[in-house]
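Listed in order, the protein sequences are those of chains A and B.
Under the numbering used here, the first residue of the first sequence is numbered 141, with each subsequent residue one higher.
Under the numbering used here, the first residue of the second sequence is numbered 425, with each subsequent residue one higher.
Quick caveat, the hints were computed from the structure, so don't treat them as lab data.
Treat the hints with care, as some may be off.
Here chain A is said to cover these stretches of chain B; the calculated rule only asks that three of the stretch's residues, wherever they fall, bring their Cβ under 8 Å from a Cβ of chain A [what the hints assert, rightly or not]: (1) 470-480; (2) 559-565; (3) 644-652; (4) 681-693.
Label-pair distances were calculated between CB atoms; the ranges are [as the list claims (entries may be wrong)]: (5) Met285/A <-> Gln631/B: 29 to 39 Å; (6) Met456/B <-> Ala244/A: 40 to 50 Å; (7) Ser277/A <-> His714/B: 15 to 25 Å.
For glycine and all other residues, C-beta sits at the position ideal for the given N, C-alpha and C.
The chain contents come next:
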Amino acid sequence: MWVLNNPAKSVRATLGSYLLTLWIVLTLNFLLPRLLPGDPLAALLDSESSDYVFDPTVRSALESYYGLDRPMAEQYFRYLRESITGDLGQSIRLNQPVNDLILAHLPWTLLLTLTALAAATLIALVSGAEAAWKRGSPTDRILTMASVVVSNAPVYFLGMMLIIVFGAWLDWLPLAGGRTPFARYDTLLAAAIDIGRHLLLPAVSLTAAMVGAKFLLVRNNMVGILKEDFMLVARSKGLPSSRLKWAHALRNTLLPFVAHLAAHASMAITGAVFIETLFNYPGMGRLIFEAVGARDYPVIQGAFLVVALVVLTANLLADWLNTYLDPRVREPSA
Amino acid sequence: MKASRDLPLAAHRARLAPAMSDGFRPPPPWEMIFALAILALMIAAAAFAPLLAPYDPHDFVGRPLERPSAMHLLGTNDAGQDILSELIFGARISLAVALGAAVGTMALSLLVGGAAGYSGGWLDALLMRMVDVMMTLPSLPLLILVATFLREGLLQTMIIISLLYWPAKARVIRAQVQSLRQRGYVRMARSFGGSRAYIFRRHIMPQIGPLIVFGLVTAAGQAVAMEAGLAFLGLGDPTAKSWGLIMRFALNLPGLLLTDRWLWWLLPPSLCVTCLILAVTFIGTGLERHWQPRLT
Chain A
141 MWVLNNPAKS
151 VRATLGSYLL
161 TLWIVLTLNF
171 LLPRLLPGDP
181 LAALLDSESS
191 DYVFDPTVRS
201 ALESYYGLDR
211 PMAEQYFRYL
221 RESITGDLGQ
231 SIRLNQPVND
241 LILAHLPWTL
251 LLTLTALAAA
261 TLIALVSGAE
271 AAWKRGSPTD
281 RILTMASVVV
291 SNAPVYFLGM
301 MLIIVFGAWL
311 DWLPLAGGRT
321 PFARYDTLLA
331 AAIDIGRHLL
341 LPAVSLTAAM
351 VGAKFLLVRN
361 NMVGILKEDF
371 MLVARSKGLP
381 SSRLKWAHAL
391 RNTLLPFVAH
401 LAAHASMAIT
411 GAVFIETLFN
421 YPGMGRLIFE
431 AVGARDYPVI
441 QGAFLVVALV
451 VLTANLLADW
461 LNTYLDPRVR
471 EPSA
Chain B
425 MKASRDLPLA
435 AHRARLAPAM
445 SDGFRPPPPW
455 EMIFALAILA
465 LMIAAAAFAP
475 LLAPYDPHDF
485 VGRPLERPSA
495 MHLLGTNDAG
505 QDILSELIFG
515 ARISLAVALG
525 AAVGTMALSL
535 LVGGAAGYSG
545 GWLDALLMRM
555 VDVMMTLPSL
565 PLLILVATFL
575 REGLLQTMII
585 ISLLYWPAKA
595 RVIRAQVQSL
605 RQRGYVRMAR
615 SFGGSRAYIF
625 RRHIMPQIGP
635 LIVFGLVTAA
645 GQAVAMEAGL
655 AFLGLGDPTA
665 KSWGLIMRFA
675 LNLPGLLLTD
685 RWLWWLLPPS
695 LCVTCLILAV
705 TFIGTGLERH
715 WQPRLT
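Excised from the complex, chain A in its bound form (with noise of 0.2 Å):
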């Protein structure tokens, strides 16, 4: 919202304030550790502590990414140059580089996002306008309560209902991971029936999870605009209805749901971290958990960092579409 709250907003300021909350991000990662109580890095190296490393190796690769013994300024620019130029550290779990494992493990959040949030925005924008074009009847009754229910309810709770159905009683569809372990398959084609059969129970959770909110933001807004001047104009000049709910009202309804993207893309990474919990999907949110629980501090801070960066991309995407679609942003004079 504040997007349009703005609209002096110059496309190179907008990317100012990005790089401005980026570099925030950064230092926040820097110091949440150094900061916070217990010390819980030196604790790595501590002998005497529960967490100590006792890889060798390990230990040495730990020691000389964090460089504890170093003054604070040091730290700091050495890790601000280490995570501009894309050295993220170790794993301790499983001494792997932290880069490789989020390569490893980003395209399956990627794909798994990007699908549920083209899904729940489809079926947001065509349920939104109906329900709001039958305001007060029973299908909008019914899809609002739904949406109520459904945005509100955890996202796990939704992915276990999903799975116990589909996955455990049924049987129709695998119940864990992103595809069958050690397939080898023939043709491209194969492939993409697999993954999709993988991806079809967490991605309707996904989405579930999401289109309530979207549905009530399209719903609420269109039945605003529905009251607007032009929308009597435009009636009174005759035009079909189905013209007048897809070409005028909805239309009108995109800006705020654009301006809104940037919002959603948060909320599809918080449900993410659920849904590839519950299904043991290979992405971030699966190495996020496994990093939780070993304590795998680099890794932990390293997909923060990226997740973080995917974010705000989007976040600046979302400010760049909304300034082309709407004339106001775009012109602040007019």
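Dock chain B against chain A, hints included.
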């Protein structure tokens, strides 16, 4: 639409429901009945847990993984603890975290939103910029990052949840305080030399009261979901047996879904969490409809 929002509540009632004037009261909608019943049930379970629960949830009272029986209505978990007792005592944790985190969230948002809205100027710009940044960041990964470094504990869970949800609510409060500040009677009170604290207490607080109550209710709902979610992700207090932790332990059992064990081990805690969240949500939407009946 604008005009109808400023109508006094009584006028709304008179306009919307003429039948009310002759003493007829429509029954409350079914979702409100559901919400209040669930909430009453959960509060009763939390308050009288030692009386209601058949066993101590930490005692090993049966063989591991027993099926439901007269002895253990919902069977036992992998450590031989009674699942029904775990559920009943779990209500205490969910409600305590919901209350603590809701109060924490609203205290933070009132402090930041109130200060920004009332003082304006550079403080407002700085605080709102901070809110913008907080709202752009992916909240759950940030939460996980903080939670891993803070170590577990119920107080930590409440603090983390408060830190997550205050920015959106602070923005709403700031907008309201800012507009109230410009109202005639507030300006007059100021010109008569009313102190900042006096004006805030006497003129601003009563006006944003509904906003705070509504904020408390929504924050409580979010806190219930997040507490269970954190426990589900293995980031809760491992000694506090919350509903989320029961789910985590159930899902940790390999092949849980291949037998019908999920029916009494995984489903009941997730239903408890979902019902509590929905109850709180319905109360929230009921309050919202009561205060601004615009879109329904």
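Outcome of the hint check:
1. 470-480: violated (count 0)
2. 559-565: Check passed, 7 qualifying residues.
3. 644-652: holds (count 3)
4. 681-693: holds (count 5)
5. Met285/A <-> Gln631/B: 29 to 39 Å: Holds: the Cβ-Cβ distance is about 31 Å, inside 29 to 39 Å.
6. Met456/B <-> Ala244/A: 40 to 50 Å: For Met456/B and Ala244/A the Cβ distance comes to about 49 Å; the hint holds.
7. Ser277/A <-> His714/B: 15 to 25 Å: 23 Å, holds
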